[in-house]
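Asker: Protein sequence lines correspond, in order, to chains U and V. Heads up: the first sequence begins at 892 in our numbering, then just goes up one per residue. Heads up: the second sequence begins at 892 in our numbering, then just goes up one per residue.
What the hints contain is simulated information worked out from the structure, not anything from laboratory work. C-beta: ideal position from N, C-alpha, C; glycine also. Among the hints, a few may not be true.
[Said to hold, decoys possible] A few chain U residues facing chain V, derived, Cβ under 8 Å:
no.	residue
1	Ser893
2	Arg978
3	Ile992
4	Pro1054
5	Thr1111
6	Phe1140
There are 2 protein chains.
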Amino acid sequence: MSIELTALKGIPVVEPGDDLAQLILEALKESQLLPRDGDVLVLCQKIVSKAEGRSIAIDEIEPGPLALQVAADAEDKDPRMAELVLRNATRVVMMKRGHLIVETGPGWVCANAGIDASNTGDPNRVLLLPEDPDATAASLAAAIGKAHDCRVAVIVSDTWGRPWRVGLVDFAIGVAGMNPLRDLRGEQDMDGRELHHTVNADADALAAAAGLLMQKGSGTPAVLIRGYLSAPGEGSGNDLIRDLETDLFR
Amino acid sequence: MSIELTALKGIPVVEPGDDLAQLILEALKESQLLPRDGDVLVLCQKIVSKAEGRSIAIDEIEPGPLALQVAADAEDKDPRMAELVLRNATRVVMMKRGHLIVETGPGWVCANAGIDASNTGDPNRVLLLPEDPDATAASLAAAIGKAHDCRVAVIVSDTWGRPWRVGLVDFAIGVAGMNPLRDLRGEQDMDGRELHHTVNADADALAAAAGLLMQKGSGTPAVLIRGYLSAPGEGSGNDLIRDLETDLFR
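Generate coordinates for the entire structure from the input sequences, incorporating the hints supplied.
Answerer: Set out below in C-alpha cells:
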C-alpha cells in the first residue's frame, strides 16, 4: 500500500473572478498528471478566497470597544484586525492575552476567524475564509471529472493551530467526492475485540499531508494525492465539525 | 515536488522484549525498500509499547472514588480503566460526562492518557504509552542508519481526538533525526511581507499522513515517507508540546 502526493506546478497568482477549475486543469496538464478515479485534490483556501474576491481593506475598519480591549491585551495586534475577527465570529471560544479563538463559518473553530494577512497581494488587505468551500470542492470535483472522465475527491484546506500543541497543521474545511471520516466502529481489531470509538478524520489527515508540500511562500497551493481513496464517497467538510452538544471544549 | 508513503510489509505481532530495530530492518527488506538519506519512518506507538512490555492487566486495578465518579458520569466506562487513566495523569485538563482528557508523559494531552484497549493481544490487558518514545525513535534511527549507511528520521505516533472536531488523527509523540517544526518566521511571503506566526508542526503532519496507511486492525504499524526531508535535523517530540505558560487551553 502506498500513497503519493504531488504538488501541482504552474498555478499563477490567483485574482478575483479567476476560474479555479480552468487554472487547476491547466496546472494538472503542466504537471503531467492525468487525473483518475480515486485521486484526491487538496486546495489551499487562500486561492479559493482570492478567486471569490474575499479580500477586505483593513484600513476601512473602525474598531469597537471589544476589539480595542483585545488589542490592548495583545503584544502586537491591530485593533482593526480584532474588529474584523469579531465581525466574522459566531462565538468567542477563547479570548485571552489578545488571542481570539472563535467559531466562524459553519462551525470552524480557529484563531482570528481564519482571516489571513499573508500572500494577499496587498499588505493593506486581508482575506476572509471562502464563503462555501464544500460547494467549491464539489464544483471542482465535477469539472475535473467531466474533463477527464473520472471521479475524484476535492478538499479545501486551511492552516490552524491546535490547543496544547506547538505549530500549525492543515485541516479540511471543504470536502466533496469522499467521506471525510473513516468509521471503523463495529469492525474488529486483530484480537477480535470490537472497536467502539474509532472514527478517523481522514480528510483532516489528507489536508495535513498536503500541507507538507504547500508551505506559505512556496507558490504551491494545490496537491494531488493518489493511492488513498479506493472508492468515491459522499460527505462534506461540515461532517468534521463537532456538535456543540458533544464538544468538551466549547 | 512529491512525497511518497509506503506501508511496511511483514511486521509480525510484536511481543514484549522483541527487538524493534531488527523487525523494522527485516520489514524494510521484505517491502523492498532500501532506506536512504532523508527518509522518515513513522511507527505506531502500539508496537513500541508492546515491545517495552507496557501492558497492564485491568482486573488487578482497584478503582478509587474519583474513578468511580468518572465511570458513573459515563455511558459506558470501566471504573478500573478510569482509575488507570488517573494514575497515569499528571494533570486533568477536562473531566466531563465520563470523559477524561489528561496530561500524561512529558506533557501530551489526550483522552484516557493514551491508554489503549484494542489490539493488545489480550482483551483483559491494556497498553500504556511508551516510556520514552524519543529515545526509541533515536535508537531506531541509529540502527537503520548503521545498517544502510544513511541518515533517516523516525517518528513514533499516537492516534488522538481533537477539540471542536470529529474523528481521530495521528500525532507525533517521539521524534529523532529531524526538526519536528518548520519555522518560517522571518521569511517573506510572496508579497514581501514578513511571516510572523508561521511555525508548521511538520512531524504531526507526517504522523497524520502515515496514519492514513495504518488504520487499526490493518496490521501495518510502520510507514516509510520519502521526499519530505531535504536534510537531517535535530529535535524531539517534546518540541511539539506547548508550554503551560503559552497554552490558552490548559
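Asker: All the hints need checking, so say for each whether the structure fits it.
Answerer: Against the structure, the hints:
{"no.": "1", "hint": "Ser893", "in the structure": "holds, 4 Å"}
{"no.": "2", "hint": "Arg978", "in the structure": "violated, 21 Å"}
{"no.": "3", "hint": "Ile992", "in the structure": "holds, 7 Å"}
{"no.": "4", "hint": "Pro1054", "in the structure": "holds, 4 Å"}
{"no.": "5", "hint": "Thr1111", "in the structure": "holds, 7 Å"}
{"no.": "6", "hint": "Phe1140", "in the structure": "holds, 4 Å"}
Figure legend: structure checked against the earlier numbered hints; the only hint not met is number 2.
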